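Listed below are the residues making up each chain.
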Amino acid sequence: MPESPVPPPDVYVPLLLVVLIAGGLAAVLLSVSTVVTKLTMRRRLRSPTRNTPYECGLPILTDARTRFSVKFYIVAMLFILFDIEVVFLYPWAVIYGRGDSARGGLGLGFLFLELLVFLGILFLGWLYVVRKGVLEWQAE
Amino acid sequence: MTTWPSWQPEVLSFLPAWLWKVICIFLVLQMPPILVSLLVWAERRVSAWIQDRVGPNRVGPFGLLQSVADLVKFVFKEDVVPGQVNRVLYSVAPALAMVPGLVTFSLLPFAERFMVSDLDSGLLMLFAISSLAVYGIQIGGWASNSKYALIGGVRASAQIISYELTLGLAAAVVVLFTGSLNLAEMVRWQSETRILGLLPAWTIFVFPGGTVAFVIFITSAFAETNRLPFDMPEAESELAAGYHVEYSSMKFALFFLGEYAAMIVMSGLMTTLFLGGWSLFGLERVMEGTIWQTLIQTGIWWAKTLFFLFVFIWIRWTLPRFRYDQLMRLGWKVFLPLSLANLLVAAWMRTWGMWGASA
Numbered sequence: 001m002p003e004s005p006v007p008p009p010d011v012y013v014p015l016l017l018v019v020l021i022a023g024g025l026a027a028v029l030l031s032v033s034t035v036v037t038k039l040t041m042r043r044r045l046r047s048p049t050r051n052t053p054y055e056c057g058l059p060i061l062t063d064a065r066t067r068f069s070v071k072f073y074i075v076a077m078l079f080i081l082f083d084i085e086v087v088f089l090y091p092w093a094v095i096y097g098r099g100d101s102a103r104g105g106l107g108l109g110f111l112f113l114e115l116l117v118f119l120g121i122l123f124l125g126w127l128y129v130v131r132k133g134v135l136e137w138q139a140e
Numbered sequence: 001m002t003t004w005p006s007w008q009p010e011v012l013s014f015l016p017a018w019l020w021k022v023i024c025i026f027l028v029l030q031m032p033p034i035l036v037s038l039l040v041w042a043e044r045r046v047s048a049w050i051q052d053r054v055g056p057n058r059v060g061p062f063g064l065l066q067s068v069a070d071l072v073k074f075v076f077k078e079d080v081v082p083g084q085v086n087r088v089l090y091s092v093a094p095a096l097a098m099v100p101g102l103v104t105f106s107l108l109p110f111a112e113r114f115m116v117s118d119l120d121s122g123l124l125m126l127f128a129i130s131s132l133a134v135y136g137i138q139i140g141g142w143a144s145n146s147k148y149a150l151i152g153g154v155r156a157s158a159q160i161i162s163y164e165l166t167l168g169l170a171a172a173v174v175v176l177f178t179g180s181l182n183l184a185e186m187v188r189w190q191s192e193t194r195i196l197g198l199l200p201a202w203t204i205f206v207f208p209g210g211t212v213a214f215v216i217f218i219t220s221a222f223a224e225t226n227r228l229p230f231d232m233p234e235a236e237s238e239l240a241a242g243y244h245v246e247y248s249s250m251k252f253a254l255f256f257l258g259e260y261a262a263m264i265v266m267s268g269l270m271t272t273l274f275l276g277g278w279s280l281f282g283l284e285r286v287m288e289g290t291i292w293q294t295l296i297q298t299g300i301w302w303a304k305t306l307f308f309l310f311v312f313i314w315i316r317w318t319l320p321r322f323r324y325d326q327l328m329r330l331g332w333k334v335f336l337p338l339s340l341a342n343l344l345v346a347a348w349m350r351t352w353g354m355w356g357a358s359a
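Protein chains in written order, with the numbering used here: chain A, 1 to 140; chain B, 1 to 359.
Keep in mind that a hint or two might mislead.
[To be verified] Cross-link-like lysine-lysine pairs, in silico, BS3-like; alpha carbons within 25 Å at most: (1) B/LYS333 <-> A/LYS132; (2) B/LYS333 <-> A/LYS71; (3) A/LYS38 <-> A/LYS132; (4) B/LYS333 <-> A/LYS38; (5) A/LYS38 <-> B/LYS77.
The set of hints was computed from the structure by calculation and includes no laboratory data. A quick note: this is a predicted structure, and the numbers were derived from the prediction, not measured.
Produce the complete structure using the sequences and hints provided.
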C-alpha cells in the first residue's frame, strides 16, 4: 500500500475544523435553551426548595462534597500506570505487525521475546496489586 | 512522492481536494444528529417490542418523528440552574461530554474515498479524543453539587478508565495483525488477506487471538459507554439518573447526544477493527473508483454498524445490571490478565501461523 497521499498538516486540518464546528454547535445549543427560557418565562419561579439539590424530596441534611471511598483514587492511579504500559505496547505492535524488523537485524523471535519480558513484568505488577487486596470492593 | 489518486470518487475528481474534504465534513457532521434521533426512537421501539408493548407510534409514521417532538420539548423546557451548582463548570460540562462524540465521528473510515481525516495515527487519535468525554461526566457530576450526581460521576470515571485498559489491549491485537494504526489501512488488510485461502481475514475470524479480542472489546465498549449491563453511573434504581440528575433542557440533551454518539462510534470501531469495515466478500471492489463504490462501501459499513447498535439495544433490554464490585472485578481481575494473555497468543499466531494468512 502507498504512503500517505497528503502531507501531515492537510490530514489534521479537517480534524481541527470538526473540533471547531462541534465546539460552536455545543455553544449554540447551550445558549438556545437559556435564551428560550428567558423569553418564554415571564416570571422566574423562585422558591427555596427549587434551589436545592434533588434528593427524591427528602430534606437536605449534609453537603454533597463529603469524603468518599479511597478506592476510586486508587483505581485512577492504577489506570495511569497500566495505561502508560498499554501505550508502550502500540509502537511495538506496529513494528511487529509489519514483520519487516529483519531489516534492523532483529528477528521476529527476538521481538516476541521482548513482549514476553514486558508482559511478564506487567503481570508481576498486576499480581502485586491483586495480592495487596487493592481491587477488593466488598465492605470489610 | 508517489502519485496517488486524490481520494475522491472519479465523478467528483474535478473538485479541488479541499472542497471534497469540506463536503465530507458536512456530510459526516449530519450523521450524529440524524442517527442519534433515529437511535432514540429505535431504542424505545425495540424495548417495547422486547417487552411486548407497542412503544411510541403516534408522531409520524411508526412514530418516526418522535425524536423531533422530543427535540422541540428539549428546546422549550425551562433551563433550570439549581442554586448549589458551580455555574461555570456546570455549563461547560455538557459541551465537554458532547464534543468528543462528534469529533471522533470524523475519524471513522466510512469508505475508502469518504473520510474526513485519514490519519496514520487514527486509532490512537480516536482513543485519545473519545476518552476526553470522561471529563464532561466527572465535571458535570462534581459541579452539580448533588449526592446522586457526584456518586454517578465518580463511578462513571472509575469505570470508564478501568475498561479503557482492556479496550486498548484488545485493539492492540488488531494493530499487531495489521501493522498499522491507520484505520483505513486496517480495513484494507482485513479485506485483502485470506484465512485458509478462502475467508477474508476479518479479525473476528482469526481464531483464537482475534475472536477473544473481539469479545473483550465489545464488553469493554459496553462499559465505556455506560450501557446496561454496566450502567452503574446512572442506575435509575440507585441514583435516580446519576451524573446528569441536576441537568435539564438542552444541557441534558447534550449529555444524551454525547452518550449516544459515543455508542455509535464504538459500534463503528467494532465494525472497522473486527468485522472488516467497508468490505464484504469482494463487493467493496465492484466499480472501483466510481461514486457507486463509495456508496456501496458506506452502505456496507453502516449495515454492520447498525447491527452492532441493535446488539447494544438488545442487550440493554435483556440483561440485568451488574453490581459495582462485580464490574470492577470483571475488569481488573478477569479481563486484564485475559487480554494480556490474548496479546501473547495473537503475537504467537502472527508469526507462527494464522490459518494461512500471510504474515
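Practice prompt. Starting from the hint list further up, note which numbers the structure goes against and sort them upward.
Written response: 3 and 4
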